Structure formats: structure tokens, C-alpha cells
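Peer 1: Going by the UniProt record's numbering, the residue at position 4 of the sequence shown is 4; the numbering climbs one at a time, nothing skipped.
Treat the hints as calculated values from the structure; they're not laboratory data. Note that the structure is a prediction, hence the values are computed from the model and not measured.
Derived DEER-like restraints, expressed as beta-carbon distance ranges:
(1) Thr105 with Asp65: 58 to 64 angstroms
(2) Arg48 with Glu111: 46 to 52 angstroms
(3) Leu91 with Gly10: 23 to 29 angstroms
(4) Leu73 with Ala6: 17 to 23 angstroms
(5) Leu77 with Leu7: 19 to 25 angstroms
(6) Arg24 with Thr88: 14 to 20 angstroms
(7) Ala6 with Leu79: 18 to 24 angstroms
The C-beta atom is built at its ideal place from N, Cα and C for all residues, glycine as well.
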Amino acid sequence: MEIVLALAIGVLTASGLWLIFRPRTFQVILGLSLLSYAVNLFILAAGRLRSDAPPIVGRDPASADPALYADPLPQALVLTAIVISFATTALLLVVLLASRGLTGTDHVDGEDGEA
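Given only the sequences and the hints, what does the whole structure look like? Please build it.
Peer 2: Now the structure itself:
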């Protein structure tokens with residue numbers, strides 16, 4: 001499971017960086033989204049990858065072994081990051097549409113032709 005997660009993080013990071021270096025604004029926005037997905041997976045993996053453990057402690061917290069439970073903090077951080085990245089992507093798309101309407105092009109440098 002760890003190798004699949006590591007490969008997914010690597011592919012998302014590489015694809016995101018490749019799209020960030022593209023000349024069109026929409027591709028840059030997609031690259032930033034993919035990069036944020038990779039960071040979210042990395043944060044989630046940092047909180048011990050366990051699918052069979054509950055994230056909360058039972059009624060008797062004194063006898064609870066922390067190794068038997070999943071860490072809820074990375075899960076909360078990822079949920080917050082998902083909301084923030086969604087709002088950022090929506091804002092960037094609105095700015096992209098306004099910029100495209102004013103300049104007539106969606107190139108990052110503002111030029112329409114290839115150099």
C-alpha cells in the first residue's frame with residue numbers, strides 16, 4: 001500500500017510541476033491543483049497509513065495504546081486543505097476569465113504567439 005501511495009504522490013507532483021511550467025494560465029491552475037492533491041496525500045501518509053484502526057480513543061483513555069489508533073490531526077489538516085484549495089482554484093479561475101476577457105489571451109506572459 002505504501003508503494004502505491006508513494007507512486008501516486010510522485011506522479012501527481014511530477015504532473016503538477018510539468019503543468020505549472022506550461023505557457024497557458026489554465027494549465028498552470030491545473031498544475032497547482034495537482035500539486036495540492038499531492039501535498040494532501042503526503043500529509044495523510046505522514047499520519048500513519050492505517051485502514052483498520054479507528055481515529056478516536058474509546059471510553060477508557062488511560063489504557064489506550066496510541067499505536068492502535070490512527071492519527072486524526074493529518075485527516076483534519078487534509079480536510080481543511082481541500083476546502084482552501086477548492087476556494088483558491090475557484091478564485092484563480094475567476095481571475096483567469098477576467099484576464100482572458102481583458103487581454104484576449106490566456107498566456108502567462110500575455111503574448112499570443114510562440115517565441
